[in-house]
Amino acid sequence: MSIIELPSEPSMLTYERLSGQRKTEVVQALTSLLGERHVLHTPYDLHLYEYDASIERALPDIVVFPSNTQEVAEIVKIAAHYRVPIIPRGAGTGLSGGAVPIQGGIVITFTRMKQILEIDYDNLQAVVQPGLVNLHLSVALQPQGLYYVPDPSSQRSCTIGGNVGENAGGPHTLIYGVTTNHVLGLEVVTADGTIIEIGGSTSDTPGYDLTGLLIGSEGTLCIVTKIIVRIVPITEYVKTMVAVFDTMDDASNTVSEIIASGVIPSAIEMMDRMILQAVEADSHAGYPMDAAAVLLMETEGLQESVQEQVAKIVTICNKNNARLVRIAADEAERQLLWSGRKNAFGSVGRISPEFYVQDGVVPRTKLPYVLKRVSDICDHYHLKVGNVFHAGDGNLHPLILFDSQVPGEVERVRQAGHEILQVCAEAGGTITGEHGVGLEKQEEMALIFSPQDLQVMQKIRNTWNPEQLFNPGKLFPLPGKCADMHHL
Amino acid sequence: MIDATKLSQLLQHNGQQTRVLTASQDLQAHAIDGVVPNLIVTPTTINEAAQIIHTAHEQNITVLPYGHGYHKNIGGLPGQIDILLCTQALDHLIEHEAPDLTCQVEAGITLATLQKRLAEKGQRLALDPPYPERTTVGGMLATNASGPKRLRYGTARDLVIGLQTIQANGDLARSGGRVVKNVAGYDLNKLYIGSFGTLGVIVEANFKLHPLPEREKTLIFTTTDQASLLQLAKALTHSSLSPSAIEFISTHGTYHTDFAPFHIAEQNYALAINYEGSTITITRQINDTIKLAQQFALHGNDLEGNEQERFWNSVRAHTQGPLVCKVSILLSNISQYIEYVEQLQRRYKLMTTLISHTGNGILYIEINPPDNIVQIVPAIAELRAYAQKLGGRLLIERCPTPLKSQIDVWGDPGADFFMMQKLKQEFDPLGTFVKGRFLGGL
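Chains A and B, in that order, are what the protein sequence lines are. Oh and the first sequence: position 131 is 390 in this note's numbering, straight run, nothing missing. Oh and the second sequence: position 28 is 375 in this note's numbering, straight run, nothing missing.
Quick caveat, the hints were computed from the structure, so don't treat them as lab data. Some clues are possibly wrong.
FRET-style restraints, in silico, Cβ to Cβ [said to hold, decoys possible]: (1) A:545 x B:574: 49 to 59 Å; (2) B:683 x A:543: 54 to 64 Å; (3) B:724 x A:371: 42 to 52 Å; (4) B:585 x A:545: 28 to 38 Å; (5) A:583 x B:441: 38 to 48 Å; (6) A:628 x B:371: 55 to 65 Å; (7) B:441 x A:371: 45 to 55 Å.
The beta carbon of each residue, even a glycine, is placed where N, CA and C say it ideally should be.
Here chain B stands alone, though its shape is the one from the complex:
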């Protein structure tokens, strides 16, 4: 146990502006899965942040990076947290090179603020994770958060062109650069993305940007026959059309059928297809999709504007319920897996909403009620085993804290785990970055 007062003095001496919180109610409010930090520090510059980690490294105490706290309950149970390093004050858009379609930004800015600033010049970062107003860029990158539009634009690994990180010893290090094509040295950006702050703290990111689309439109097909929807999804992925998102939704046996403003009847399935681009290309794609859907006897509705935005926000929200599993599986196995989920929920008397980024082979299972541990633990074990049988994986995206001591949120690591352990050991030999939350306790 560290002496918080002494440490606080040390940090404030080193970094004049750094705000330090030690009051019990502040610390309690920032608990991560019940683990209360000893100190919350909010540096105002990247150098201050580096100085804090340098001090922590020297004092042999632990640090956990923290943005707006939206992702704080993701992952396994954390070990001791001496310093919660809050990046909120590192929120500058350093540069937006609009003619180059690139930008450089500090990691504490929220995604929503960044998008707003980019939109002033007609551009955006083509990542659409849930709740952008509560997600910092750093948190989004550290957890590799994504949304339905990853189908067309990819994930963070496809859009990050450079990063600045603070290493475990407090050194600042850059990887990548500011141009869209770069193979100089090892591609460390890929390593930091999705690494939950276990190798370094992301404090600055450079992105490749996209122009805002001229128009956007969504088609939604609903039916009681899941097979026809998945066949349509497959036909779309094999066609020359380029939808931004293909989302399969099942409200089979759930009480959440409200995808405001769109109502999907209970015991039903829906496929939502989003197109972005110029009016002429959207019209062509919508017409082609409708024709294709007729082959499967499907008839759709379309959404635009504000209603469309609300609909997609509610789709994203369903991937973030109190208890959500994320299954990665081959597109060709999705139908089979969905049938299994339905059969299992009847058996365990649970209710599920399924949201699938179908084109990417990702399936979110929102389980209700989330606190019925006796039923949920064996149910998830079965779901995980079946995903593995089909060559896929199941991890728990979000869950109540008590469940984390009953079941490993990540599942068993793969055969390459020993290399990940070696990397962690090489990057953070003293364990300065809090352990426990990432795969295999990294």
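Isolated chain A, as found in the complex:
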């Protein structure tokens, strides 16, 4: 993924950076807890942890690798004692800078906490540690005919802890929902180092739905150390199809019409010409390189229901001038089509040194209008843009291509990104569907939330993270950007 220097205005630091001597003290405390091997603190070692998959970067002071919840709690206590920020990090695949330690501090990496602790086949749930790679859970469940539903495109490397932090989605959320719809309970460490269990393996735990509140809180409220997830039987029948269009409008109208018809496929993904060319050059999945847009659609469930849905979808595609509708003949072809889609971001590396991806969501009926506006905005800034996104949810992912070596280009990219989110907000949508606010969309929070709305969110942060040591400098508009945020 693309990485560039961070030229944006300096965010207001809540903390003074650690002095050399103080850092030595903190390192000593952490080393006596975890052992030397599990504490990194030299500049050479730290560079690997200064970025995620966004365009932001910042160097941590220390990186630690705890092996259990108790150690995490102790790390939090040490950090509290020395007033050092703490940033939890999964696999660093996040797209909004959530794991970038913008104010320095201690990065907690969960690579040693990656066990599946329990699989309860009778009750269809599993207990996992946050460092577990998303796909590894489904792979472990497969022999029993079960799987874990949320499937971010980075599922081969991203962790379930990271998914919980960002409330990650994926192509199949259209019918099954995002991470929050599949997590039953959590074990977390609070700001004072207390370990508590939230939610649980049974339904409707009395009291506030803290599980729901903490999922997607981007590491700003607690550190998650254990996750109870729902698992489900693999569906009996899946059909994947590709519809090829000569105009973006036809493709977008097809999406609206499918949704309005009441057919709910498990996925509707759109790729435009630029993306198709990159994907095809990379994965040779058989996507047409001259089409204006392609819809990759999947429907699953009972064989009878899938056949019915496929018939309806094909009819709607044809009605909207699809040049071709192709149904994957077998599992190999299906996998090939999906690998093209899931590796789309990587494939773009073939045509541009860097890219910036946005994550706005709009009502599905507004797709044709918003896509046109995205294209106009990028034209205005002389930027190339490709679209590969979860069309069924109205979740756009415009990829703006750029080269940071060209003077002024990064600024134009940021400006175009901002204007795109403005259009999404004006169309009744939101600024992020699954990537999170993190560092890059703080300012845009004010596009969709009033100062009063944000003040309520501040109350949440004050409750859980009173010293603001958990992932500081994220999620909220920066002071000065929003008049009513003085008490940040």
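Since the structure of chain A is already known, use the hints to place chain B on it.
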């Protein structure tokens, strides 16, 4: 004690349209578990409602939100109620974006009215709590009410995409939005759902909708052997079939065996399985279910149309009797727990009807007679202790008011309760929203 007349003048001055009731008989009729409000106000706009709460906050008096009053006796005993804020006049369907399968609605509309309006365009909100004609959307969300079809469609947390609330200081605040996928900021919708109005008053909600199913059909199996029914239920949850509801019913030792129009004999058990979808998928699923049931020597009847609707309404009604406990427990422990309930009812000479959303591990125990406190208090204590022993929880869904001073309807809070207290303190430092009804007295 506030001066009702003075306050009434203040509120009417601020909000011209707001209806204020102070007559004793009106107040008595709206008593919550015996606590009579000092004033009943019915704002006609969301801004008026916000103004009322702002005034209450300034005057340091308490407010309790109130829809149609269907859920008014749920929860613990309330503290003093200065203002009962009635949301009935906030009943507009603001927008139904049918092609987007979303809607935006004011919280005082009843669920039945909302469903009727959505059905005009072939859609519905896939929540099926009991008595939709008496339940406002706000009341449903504040109590996190649900029904048998939660198995397939989930609960409010899965279908709400945005909320507007009035905060304790009278500020209006939005959370979420109007699109089906959104991770901007903290997911406050989850926090307000099921919070009994202790953090904010829900005045508007945005929902994700579903198309109305083409057809619906129910299969009912009855037998004297509960184990075979629960095995069938488990087999269904592990199959590729997607029933909308799997409901276990026990009429073991009760005088309520009438699940009109379906009669379940006394000393019997039933498993009702509901399927929704196209004719072809329903046929396939019904056939598969019948085959599966034959493995357990079970033979079923089917219901459709009006009869089916009446049957499910009576199932829902049994979860709302005068005394009903709700147990959350793992599916694998349900059978064991049911045996315990039966043994206990014999011991205490009580009668019970059990209704279980089996696929969700939820069991409603309707206890009769509801007013025999001497027997009921220790019986519930035992039921609660056994649920906890199996890693589950028991709360009292509905009960006569006198029982509430004898036994905590929610049970002991968990280890995360201190965070809930902190949240309440941060959201409502002056205690503007009436305390006492929610978990741990929140």
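What are the numbers of the hints that this structure violates, sorted from low to high? none
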